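Those protein sequence lines, which keep their order, are chains A and B.
Here the first sequence stands for residues 1 to 686, where the numbers follow the numbering used here.
Here the second sequence stands for residues 1001 to 1158, where the numbers follow the numbering used here.
Simulated from the structure, these hints should not be mistaken for lab results.
Quantities reported herein were computed from a predicted structural model and do not represent experimental measurements.
Take the hints with a grain of salt, since some may be wrong.
[As the list claims (entries may be wrong)] Below 25 Å or equal to it, Euclidean Cα-Cα: the simulated DSS-like pairs (lysine-lysine) are: (1) K238/A to K127/A; (2) K76/A to K360/A; (3) K409/A to K1047/B; (4) K683/A to K52/A; (5) K19/A to K311/A; (6) K409/A to K1128/B; (7) K676/A to K1110/B; (8) K1122/B to K678/A; (9) K402/A to K683/A; (10) K127/A to K52/A; (11) K676/A to K1029/B; (12) K409/A to K238/A; (13) K676/A to K100/A; (14) K409/A to K1029/B; (15) K678/A to K1121/B; (16) K100/A to K19/A; (17) K353/A to K1121/B; (18) K76/A to K400/A; (19) K495/A to K353/A; (20) K44/A to K19/A; (21) K77/A to K678/A; (22) K77/A to K1047/B; (23) K353/A to K1122/B; (24) K678/A to K262/A; (25) K360/A to K1128/B; (26) K77/A to K409/A; (27) K676/A to K87/A; (28) K139/A to K220/A; (29) K1086/B to K676/A; (30) K220/A to K132/A; (31) K678/A to K1047/B; (32) K353/A to K1128/B; (33) K353/A to K1086/B.
[To be verified] Negatives, chain A to chain B, calculated, CB over 12 Å: (34) D181; (35) K311; (36) Y355; (37) S356; (38) D465; (39) A595.
All C-beta atoms in this analysis are idealised placements derived from N, C-alpha and C, irrespective of residue type, glycine included.
One letter stands for each residue in the lines below.
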Amino acid sequence: MAVMPMKRMTIIAMRRDRKQLLEFLQRQGTAEIDTDTEEDGRYKKIDVSAQKQIFEKNIHSMEDALEVLERFDPQKKGLLSSLEGRKTLTVEEFGRALTKRDEVLETVSCINSLYREYAQSLAAVPKAQMDKEALYPWKDFDLPLDFTGTRLTTSFIGTLTGRTNLEEIYVCLGELCDFSDQVDVRIISADDTSTAVMFTTLRTHERELSEVLHRMNFTKAPSQSRAVEDGVSLAPAKAIERIDAQMQRASARRQQLVSEIKGYGDRRDDIRLIIDYFRMRSDKYDVIGKLNQSDHVVIIHGYVPEADYSKLSRALEARFDLACEFADPAPDEDVPVKLRNNAFASPVEGVVKSYSLPGKGEIDPSMPVSLFYYIFFGLMLSDAAYGIIIATVCGVLLKKFKNMEEGMKRTFQMFFYCGIATTVVGFIFGSFFGDVVSSVAQTFFNVPKDAAARLLPPIWFNPLDDPIKMLTFCFAVGLIHLFTGLGILMYQDIKNGKPRDAVYDGLFWYMFVGGCVVLLLCLPMITGMLGLTFTLGAGVKKISSIVAIIGFTGIVLFAGRDSKNWGKRLAKGLYGAYGITSYLSDVLSYSRLLALGLATSVISSVFNTMAGMVGGAMPLVAGVIMYALIFVIGHILNLAINALGAYVHTNRLQYVEFFGKFYNGGGREFTPFEEKTKYYKVKEEI
Amino acid sequence: MSMGTVWALLGAALSALLAGAGSAIGVGKAGQAAAGVITEDPSLFSKVLILQLLPGTQGIYGLLIAFITLTNIGIMGGSADMSVQKGMLYFAACLPMAVVGLISAICQAKAAVASIGLVAKKPDQFGKAMILPAMVETYAILALLVSILSIFGVSALA
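So that you can see chain B by itself, here it is in the shape it has in the complex (with noise of 0.2 Å):
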């Protein structure tokens, strides 16, 4: 085994790690904010549940980037056998996604926790409290995008 597969999971295991270390930091925040919500109104428990749920996808994300990285690099199968340049393309395929997920998700969560502030005071303005969190998630999304092209265009190399 060489240091190419060592530097590529370590890749991986960043973009799972930190991403759904986000995730949970801001699913958690936003949940916090949910329960206090329904303590007033439990009939708001679906609406805030969406909310919350919305930083958890950079998670997801991140569990996305670190899977097709081990498929690509043999861990889960076959030869995990490559060059450590070839390995090091692929840790830096992961960092977006890693980096990216990880604060991404914390600064949905704060617009996320706001939402649903904004719901507990008019629930019928569910669409536009919605709206502002998922602002946030394009850039995880711009993000998830670079590593997956990234990835793939590294497996294609030779």
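Just chain A, same shape as in the assembly (with noise of 0.2 Å):
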């Protein structure tokens, strides 16, 4: 349990090793390199953005390119494969991969344009599709649709709007001129919305033709550059018959592109590796951007963990041309925090930090954060099944996917030790799947209802016969979680070497809250109310009261002694002392921990009586299936709904409770300069 001291570091190198020099630092991952130092005159950051620029544009393109493979030649990839974790490659073998490099990039351009093409055909397939249909009403008349008729006579072919016939036509024509008997008029086709016409007259008629036509709202067919061939226009049968062929040979290209984007599929992993490599490369001249260099010698600043800096330094000499040093940081320096602490206490360290890491004079409460986590997610899942699921699943999968992500990792280990904690819980209070084995016995067995709820008894007692038992050790458990804050920060203070203020602050709460419970619990209603059987003698309520009277007079006394007014100092005090309510709100949250648990089990008992109820009421195997069918669905409900709440409400009453007595937090995250990247990782053993 401890924040990681760590040591400021200063290299001084030379400019050409700079590149080495960072991808070295990159590897290890293990300092922080400070990015804001200031110019001076010899020193100056260097502008890298345009190389920054490619990097960002090759990354793009490669991530372009694998999201086509995906899309035509998708992998197969299993439900968990998100816990894989990224694979490790020594410096050699990623050396070696480097060297694809260009070919790689090659590659990717070649897809990326396969795609292109591909898009575009795709793109014009609706087109054709418009301009056959638009031929269709035509495709049994047998000229070029920009026939405009032979030396004598002359023709317009279009479309007259809604269904007609040759008789309306004509009747039309007859109407609004008088050489109607000198015009030919030829039906191709009749749809509901038009009707599709050739007129054929005189060449002497062109004109006037022409303008009675337009009065009757003809339109000129389409002339279509898809039916025209060298230059010689299409009947409208063949030019259909042409757009068909042009779309089946686009087809078949699409089909070629696409056999041919799925020939790169194996190519897939070397891509990503160097979208990798040049993720790498944008994160180092970001860096390299923001460091101080002369015309030879480039100076890095930051911060180290103790226990990696004399390996480092070591590593640094001799490999490079530098001078490296590493120096206690000035006791107001803003050192970045990161927690180290064992198996057991390491998995919360994500609950402390999502509240804020310690800041300065703090201690990592991580061990007692994780003590009182699992046992509180415990008691409120409250149930021996309930736990054992989540212990194995978690269990498993870490065994399965050793190569996790840390951030994962802890997560399933945090929820692994809760599982513990619950099956633990759930025997001590007799709840497995609820009451599920003397519902079983009753529904299949006909046990009588006693002598079934003795088949699996508590360990200690059932909280649903005597709730106020547990009541009372829920509020016993929260004094202990929140009298080991106040401990915690009276070690702060003798630790920052503050011993009075321990006294203040820690001790005489001690007295007074501790003395205030034992004087409480020496009240026969009080116990009478919780339950308890013991009474206390009279000399122990004469010493919690004199205890508590001791604590109460040194908070008043001392809870204000910023102030240097006697009489302001007082009030101060008095309501320092007032802060005893808190402690009773606080005590009184923990009984969340009863409702908590309750809720599971009495749930998880309504679904078994339901199951009972049908499964009882059926004949055997049919009552079975029933049976466990309502089970399984109630108790899935069941699990998640509840492991929700007691995720929440653990959370809660560290942070709220717990955290209130000593912890502030403030302290800034140590963030290595280290390889962020998405598919493979680097190491190299120094």
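Put the two chains together into one complex; each comes in its own frame, and the hints tell you how they fit.
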């Protein structure tokens, strides 16, 4: 349980080595590099945005290519593949893979251009479709649509709106002109929206007929580029054939493109590796752009955990011409915080981190948090079977995916321990899928109710039978939790050389709250209410009241010690002592341990009872099936909702009640310069 | 069958009804906000889902109170007969969960919606975003506790 001590790192190196040096630091991932150092006359920062842009562009096009591959040649991924973690490569393997860089970039641009062609070809399909549809009314017509007539005659080919027939057309022509007997009308096809017609007349009537047709809302047939071959117009039927042929060719080409793209499917891993390579380089250039460098020298400042620095310094000096210095940080420096804990406590580091990392002078609370975290989670979920399920699932996943990313691993470890605690608590309070043992015994084996209830007796007692006892137990656990927090506060004060504060803010509160609690337990009314059987003697009562009064006086006198004015100080002290009410509400807050624990077991028994009612009313086989069905669905639901509740409220008890006593946080997270890659990581032993 | 059973059943029904309605409103509201966030960033699904579910617990607590009342008054098998006074005691015992469940679920939904907005902007602050709506739930839990203890107490009476 500790905040890792840090060393201040200063490296002065040759400018020509800077890239290899940074690559080395990046692979080690143990040093945080300052990026907000100021320039001075000789040492300047250089602009790297041009290079960065190239890297970003490359990453972008490679990711596009991966997406294309995923679309045409999807890779089967297991449901749990996200747990697998990044693959580890050695520096040599990575170097070998990098020789393929240019080839991979070429492949990528190949994939992208194949896809572009595919997309363009696909985009042309609707247009061809439309052209074809426009030609359909004319498909039985034997002349090209742009036919305008012979030497003596003139023809108009086009459509009239609506369905019409020869008779109507001639009537209309007769009304509008006087040469309708010299017009030949040929209807080619008709449907509900339009009629395709060819009008033919003598050249001499061309202008007049054109005007008449205009008044009849005649539209000329579309002249289509697709209906032209080698400068000669085709008849519609031919044109349709031609479009079909074109579309078929395009579709064949698309298929060919797809298979070509698929052919690159096995290059995926190479592409991923090069993406990671460019990502690392991009990060590296980010850092280079923020370093102070002169013509020949580059200066790197940063922090390294004390545990790593000697190894790092030796490795650096062996590999490069440089001077590196590791010093203890000055007391007022904003040193980044990294936590390190044993396997039991480290899973809850994330819980601590998501509140806030320890600030100056604060200890890492992970150890006590972890202990209470598991216990509280167990008390709230409080079902042995649920605990076994959670612990088994987490345990199996942890065992199966050894290479899991750190954050994920810790979450599973945390729930693994939570699951174990839940199992233990479940057996202590006699809950296994609620009351499934007794429910099954009653439903299928006709065991009487009383005997069934004794089949899986609780090790201690069943909270459903005696909720008050459980409530008292929860308050006691809560008081221990709060006092632990107070103890940490005292420890911190003593460690920071403020033993008086430890007495004023810690010891007096122990005496005041502790005295009051014992005093309350001396009252028969309280013991009766809490269902406690013991009675404390008058001596205990006297001692506890004295202790409480000393504590109270101490708080009144010293809680306002910042004020010089005694009147003000006492007023503040009294207000401080009023804080006892917050202890009351804090302790009451632990009643949620009981409430959520009861919720789990009661809802379990609701489902068991429902399953029993349905299953018991049916013949045996059907009954068992129905029982199992209701049982499985009900318990999945109950487990999900109560695990969520237990998780949320365990966090709350830590953040509000526990941290409220001693912890402010405000530390800055240690963010080493490392490989922030997606698919691979490169490891170098030093 | 006496009026006592009617009163007791009324209490059980109210606790499932009001707390359930509150949770339905709450989860619905939070779900709308969550869906909005997912349109922007689908990877936040698991986080906003947890926040959406937070106002859902009141409905469960309501169900719980309703169920232990039903088993205690003998509706679920056994003889359902009791005095009017005892029935009204059960009714009163169910009220905290019914009323507080309804109101706290709706209020918790408001906090949950705000927290979903917080997670949308700062996904790394999920831990804090989760605690804010959970503070509201405290009062639902206290009401649940009072109702449970009262029902157990009433059933122990003659």
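Hint-by-hint comparison with the structure:
Under the criterion of a C-alpha separation no larger than 25 Å, the hint pairing K238/A with K127/A is consistent with the structure, at around 18 Å. With a CA separation close to 49 Å, the supplied pair K76/A and K360/A exceeds the 25 Å bound. At most 25 Å may separate the alpha-carbon atoms for a hinted pair to count; K409/A and K1047/B meet this at roughly 18 Å. Our distance criterion of 25 Å between C-alpha atoms is met by K683/A and K52/A, whose separation comes to about 24 Å.
Annotation: proposed proximity of K19/A to K311/A holds, straight-line Cα distance about 20 Å (limit 25 Å). Only pairs whose Cα atoms come within 25 Å are accepted, and K409/A paired with K1128/B is accepted, the gap being roughly 22 Å. A C-alpha spacing of about 37 Å is found between K676/A and K1110/B, which places the hinted pair above 25 Å, so the restraint is violated. Between K1122/B and K678/A the alpha-carbon distance is near 21 Å, which keeps this suggested pair within the 25 Å criterion.
Under the criterion of a C-alpha separation no larger than 25 Å, the hint pairing K402/A with K683/A is consistent with the structure, at around 16 Å. The hinted pair formed by K127/A and K52/A fails the criterion: a straight-line CA distance of about 41 Å is larger than 25 Å. With a C-alpha separation of about 37 Å, the suggested pairing of K676/A with K1029/B is violated against the 25 Å cut-off. Of the pairs offered as hints, the one joining K409/A and K238/A is violated, with about 67 Å between alpha carbons and a cut-off of 25 Å exceeded.
Proximity of K676/A to K100/A is assessed by CA-CA distance (about 21 Å); at most 25 Å being required, the pair is judged to hold. A distance of roughly 33 Å separates the Cα atoms of K409/A and K1029/B; the hinted pair therefore is violated under the 25 Å criterion. Between the alpha carbons of K678/A and K1121/B the distance comes to roughly 23 Å, so the proposed pair stays at or under 25 Å and holds. Among the hinted pairs, K100/A with K19/A is consistent with the structure: their alpha-carbon atoms are about 20 Å apart, no more than 25 Å.
A distance of roughly 19 Å separates the Cα atoms of K353/A and K1121/B; the hinted pair therefore holds under the 25 Å criterion. For the hint pairing K76/A with K400/A, the CA-to-CA distance comes to about 19 Å; that is within 25 Å, so the pair holds. For the given pair, K495/A sits about 22 Å from K353/A by alpha-carbon distance, which is consistent with the 25 Å threshold. The hinted pair formed by K44/A and K19/A meets the criterion: a straight-line CA distance of about 17 Å does not exceed 25 Å.
Proposed proximity of K77/A and K678/A is supported: the alpha carbons are some 16 Å apart, at most 25 Å. For a cut-off of 25 Å, the pair hint linking K77/A to K1047/B stands: about 23 Å separates their Cα positions. Note on K353/A and K1122/B: the hinted pairing holds, with a Cα-Cα distance of about 15 Å set against a maximum of 25 Å. Distance restraint check for K678/A and K262/A: the Cα-Cα separation of roughly 23 Å lies within the 25 Å cut-off, and the hinted pair is therefore satisfied.
The hinted pair formed by K360/A and K1128/B meets the criterion: a straight-line CA distance of about 21 Å does not exceed 25 Å. Our distance criterion of 25 Å between C-alpha atoms is met by K77/A and K409/A, whose separation comes to about 20 Å. With a CA separation close to 13 Å, the supplied pair K676/A and K87/A stays within the 25 Å bound. A hinted pair counts as satisfied when its Cα atoms are at most 25 Å apart, and K139/A with K220/A qualifies at roughly 16 Å.
Between K1086/B and K676/A the CA atoms are separated by roughly 67 Å; this puts the pair beyond 25 Å, and the hint is violated. Between K220/A and K132/A the alpha-carbon distance is near 17 Å, which keeps this suggested pair within the 25 Å criterion. A threshold of 25 Å between alpha carbons decides the hint, and for K678/A with K1047/B the separation of about 22 Å falls inside it, so the pair holds. For the hint linking K353/A to K1128/B, the alpha-carbon distance of about 11 Å falls within 25 Å, and the restraint holds.
For the hint pairing K353/A with K1086/B, the CA-to-CA distance comes to about 51 Å; that exceeds 25 Å, so the pair is violated. With a cut of 12 Å on Cβ distances, D181/A stays outside the contact zone with chain B, its closest approach being about 69 Å. Once the 12 Å rule is applied to beta carbons, K311/A is consistent with being away from chain B; the minimum gap is 31 Å. Under the 12 Å C-beta cut-off, the non-interface status given to Y355/A relative to chain B is violated; the minimum distance is some 6 Å.
With a closest Cβ-Cβ approach of about 9 Å to chain B, S356/A is found to fall inside the 12 Å limit, against its non-interface label. With a cut of 12 Å on Cβ distances, D465/A falls inside the contact zone with chain B, its closest approach being about 9 Å. Residue placement check: A595/A does not keep its beta carbon more than 12 Å from all beta carbons of chain B (closest about 5 Å).
Checked against the numbered hints given earlier, the structure breaks hints 2, 7, 10, 11, 12, 14, 29, 33, 36, 37, 38 and 39 and satisfies all the rest.
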